[in-house]
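Residue numbers (the numbering used here), protein chains in the order written: chain A, 14 to 438; chain B, 2 to 676; chain C, 106 to 396.
Please note that the accuracy of each hint is not assured.
Taking lysine to any residue and the SDA-like style, the derived pairs with C-alpha atoms no more than 25 Å apart in a straight line are [claimed, not checked]:
| hint | chain 1 | residue 1 | chain 2 | residue 2 |
| --- | --- | --- | --- | --- |
| 1 | C | Lys377 | A | Glu173 |
| 2 | B | Lys378 | A | Gln307 |
| 3 | B | Lys247 | C | Ile301 |
Simulated from the structure, these hints should not be mistaken for laboratory data.
Just so it is clear, the structure is predicted and the values come from calculations on it, not from any experiment.
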Amino acid sequence: MSIRRIDPHAERMRRNRLHPRHQEFARPAWRWISAEGVTRVNPHLVGAIGPNGIKRIDRSGASVESSSVSASQASAEPSRRQIVIAEPAGYVMVVPELAEGRLSDHDRDLFGLARQLADDRRLAVTAITFQGGVTGLEEAGADRWLDLSASAEDGDYCPEARLAGLERIEASLSPAHWLFADTFPGGGDLGRRLAARLSVPSDGAQGERAATRVWQVADGKSLSRAGDRQDIQRDVPRVLLALPECAEPVSETRHEARPMMVDTGQSGTDAAVDIGIIDRGRVAVDPQQIPLAQAPFILSAGRGIGDWEGYHHAARVLGASEGASRVAVDDGYMPRARQVGATGTFVSASCYIAVGISGAVQHLQGIARCQRVIAINSDPSCDMVKRADLAIIADGDDVLKALCESLGQPKASSQPGEEPLHDAA
Amino acid sequence: MLQTLLPILIFAALIVGAIGALRRVRLWRQGRRSPMVWRRILLIPKRYLNDLHHVVARDKAMAHTHVATAGGFVAAMALAVVVHGFGWRHPILGGLLLAASAAMFVGALAVNRRRVKPPEKLSRGPWQRLSKSLLAYSVGMFLISLPLVGIAPALFGGGVLAVLLIALVAWGVLEMIVGMGWGGPMKHAFAGSLHLAFHRRPERFDDRHPKSIRPSGHQFDQDASHDEHRGSRSTALFPLDLNAEKLGVEKPADFQWEQLLGFDACVQCGRCQAVCPAFAAGQPLNPKKLIQDMVVGMAGGTDSGYAGSGYPGIEVGKHHGASAEPIVPQLVEAETLWACTTCRACVEECPMMIEHVDAIVDMRRFITLERGETPEKGAAAIDNLIATDNPGGLDNASRLDWAADLEIPRIQDRPEGVDVLLWLGDGAFDMRNQRTLRALVKILRAGNVDFAVLGDEERDSGDVARRLGDEATFQRLAERNIATFSRYRFQRIVTADPHSFHVIGREYPAFGGEYVVKHHSTFIAELFDAGRLSVATSEQRETITYHDPCYLGRYNGEFAAPRQVLAALGLDVAEMERSGYRSRCCGGGGGAALSDVPGKARIPDMRMIDVRETGATTVAVACPQCTAMLEGVVEPRPQIKDLAELVADALIEQPTAADDIVSPADSEFFDEVPA
Amino acid sequence: MMPPDDANSVSVFALVSSGRHPVSGRAGRAREDARAVEMGLMLAGSALKLAHAGDADDGALRDCLEAYLGMFHGLGDDRPGELSLLPMTTEDDAVAALSEWLANSGARLVLTGQRAECGEGSAMLPYLLAERLGWSVVAGIAAIESVDAGSATLLQALPQGQRRRLDVRLPCLVAVDAVAPAPRQSAFGPARRGSINVVEGIETSPDTARRAWQTQPARARPRRLKVVKSGNARDRFKAAAAKSSASGGQVLSGLTPDQAAEKLIDYLRKEKILREEKTPSISEEASAADQ
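Could you put the whole structure together from the sequences, leaning on the hints where they help?
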């Protein structure tokens, strides 16, 4: 849902032609009736500049002002064709990353690549997941869905057990292709394990090697990025580890993602898995030690912050890495290394909270890859509020203070001397 | 009684002193050996009376004091050996001995007056005692020799007074003769004279030495009143044999023996300490303490006997060393070595001609080449130099990006050769320095100079790598640059970077690259001289001052040309108190900007205070590094302009035809310049 | 800094390769391999053994291998580094040579950079070696916490700066991630003193799998354009012209700070950014009761 925001003050000034600041807010008329009674149009004032820098004039009748509403309507997906492959001639296995339990863009690209390999040959694109409850496989392009969550524990790093699961599928279905996302330590790891296993066939011959870092498949050839600024072009192998944007994601079709079971004759297979790697779980990492570009959760401060102690405290309470706008750095409140934006660090946090940052263009560029942006700002008209997924119109200091209190860790009394003691406790 | 005691005393002292001296010699001989040329001992009087005295005489009062004291002592001692030792009691000799003692007494009085409230730079301890010992010896010798000329013979026949006199003389002789051999303050006389004889840089004593003629050969040299030893600048670092078993100096015994001897010559006068920019900035370096630490390391022991200023921020007395023990860190902390900007102010000031910078670079070489412990940013710069030929790790092909619109001729397109090869230096990657380079190109064009650049074939000269101790990378860069030079034809190299100027001009010859290299200030001064530049002299009488870059001034003796250029622009130079050979470093040399040792103040800030004291609104500079360091001082501050920028701003454009460019063959002016 | 005693009993190897500088393309230490060597030096000191399979007659390669040997300093002893060079041509299969050699070397822990900077750069090598040798293999390692006779405890780098602790059974191949601690400086002296021993009697086999491949200079990957699939020209234009910043977000105004904080916490919990491990405080319960 999109909200059309109106600044009531500006609207009032715009309507009141006697207001001293009327000219600032008045939109110049682009069409008027001349003295001769002819309709005149000033073409310079019509239309809007598109993202590629070219002016577009909308002659559809809807006024430019309401573009934000219609834009969201335009982004609504057109209806998709349903595709059913009842009797597949074979399988293309896709092992999506499922970071945070859902399909990522990279996963969707992977399915797009799988469709590219499967479509002309009546192969069924089969998603293999190690967790249940995955949604969106139909739109992503999976004809079948193999849920192996029973054979491997959810969330843990157990590549050997997962590899055993994949080997069973290999043995019973011998898929035409295996597709993994080339990321560490996810699909890139598992895919290489499978590729290494498959590279030593039982007859002892040198097996086919996987294509890694594949970024394009065309005309039966795959292009993979090698070292030293080289690409390797080769026939599409059975195992592919693909980079993001390796193919266009599926957008026009819808698939069944029919759950399927593989009868692998489970007799003793689990016991046979030789486990050499044991996951001891996540390690707590000090959020301030994480390089800003990698930090998953950033609490960023700008000019709107007055209580810097309170801000640092809030970052500790939330367990967020600290970021800053350029102004906050220039004013000396934050070190240069913490500056977010085109002139500082490009961040890719999954959650970015901007407190008191109005959102200069450079800053918005710097947070373009953040998944969720939360703005806390007292100015409802600033660009950061427009960019944010959740915007809270309030004073940043007060909200952070209340936040710490709600989380049960109010900042110690205002005597600065006590502060470190409290934090250490 | 005196007749029997005095000879015993004198000869005993001489013998004991000689034993001590031999032990001292053995300490020096722990160092690396080089062929001994005994005949060099004959050089001592000339080098002492001429070259060393020139340095001492910068402080006139001190020079007179030293002449009286030292001259008086040497004469009195020699006569005493003859008169009292061998008993040749001739009244004339006695009179001479009395005169010598009296002269020494006068000198010693002056020494004592200086020692009442000694300035901070002076060491105390034994040196305070020495002033008293000088008095004791001169008074004792004077009184004890009075009978020789027939005065008061009866008084000294025996008794308490005689014993007292003997005691006075004994004190003096102990300090002067025995102490000289056994490491007392008088050691400086013994070690110092030998150090003069066996100095590693004999060129420093010879104004006409072929090695010490400056490559520029600029005619203003004749009236270069700033440079007191014009021809005698021997400033190139010694090449390191990369096939040696150990690279650089780890232990005191790894120094050349002449260097150990040089350390022993130190008189702890503290002139080096007074001029050291790192010391003034509160960085943990004091050249005097460093030399004393080397002495401690050579002889073994702790630095607790040191009675002068220590390294700022490092307590005296906690460090120890021995000749076969590593210097870093138990004797000297690594950050002491990395604080040095290699500005050579200490070397320039040292009356004993000790080579501090050589010693520091020798120790840095070990740290970098053997230990791999170059400070972080320095190590990154070296890695970049290895991988990309410039310290910034930038694409070397982008070296000329700033000049895309200038259409600078490439030497690759001029197989017939050019007159001037313009060496850009790594400033070509720096946006500030690109302005200077653009100005320089404009000047060269205005002067119709036939020039070209190497473009992406140019590499870093190796200066930073060498000062950071990475001789291997330096030699590799030098060899490659020399190979590049050998492919093209040019008459001379002109550069706006004094570091490149110094390295190519003075340090490449050791690797087989002999070129005529000119700093752009010299070259512009020559263009002015030849009347090839016309400038509008400034109407406003703006106060301007000039900051001498270390690598142009102290290293290469070019003090006059930049001032000549400023004069040609009609600018009055208000000299800073420390200018010319006493110029204070900007803090950017020797990789100090990379090692970035923390101190209490920043060196460029201190230099900017010097600038402000002149009331100048503009400081003219002639080095990209100085520009960068001084521009790093927070505003408001005087503006910083390179000489080339000042000249380019004042140029009157003359419409010149394109074919007017003077080729080397028909240029009268260029033919005059000795190649 | 010195390794514990039990780590000494584990023989640690590092496999190194020739790197390419990203700007100049000049050969040198590979960044990840150098980190692997650094990790090995911290673990085993100068007992670390290096290995490389490559052309023994290539001078540039030797320079680059010496750069790794130059890291053998500051280890408490002056033992120079040793590198075993398994001679093979560029057409040969490094996996075959290395696996045969490693099997007989007594290595228990083999460190290597995750991906080579030249050649195929597929990051397959540790996996193929582990498969042939029957060893464990782990990738993306940022640190080694401890090693004993039978296993090693490692920290694996996860996205967004996170870490995961793994226990791995030895013998093991460890692919070191680029976020591992930075390597020490390569010094000229130790590099010169280190020895490169060409191993005799290594049977090489040609890498047949690679023969059918074609290598070409890397092309710039096309940037993906946002294609709007819609039959309606107006909608396509709207999508292209719309400012992305105006996408609908939730705007909350007129809240008290407490309410705002509450909304924020709810949002963060819903998005699983804050984990609900803390017991709600009194104020939280009170404000919940208000609603």
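A quick look at each hint next to the structure:
1. Only pairs whose Cα atoms come within 25 Å are accepted, and C/Lys377 paired with A/Glu173 is rejected, the gap being roughly 28 Å.
2. For the given pair, B/Lys378 sits about 24 Å from A/Gln307 by alpha-carbon distance, which is consistent with the 25 Å threshold.
3. Annotation: proposed proximity of B/Lys247 to C/Ile301 holds, straight-line Cα distance about 20 Å (limit 25 Å).
When the structure is compared with the earlier hints, a violation turns up for hint 1 alone.
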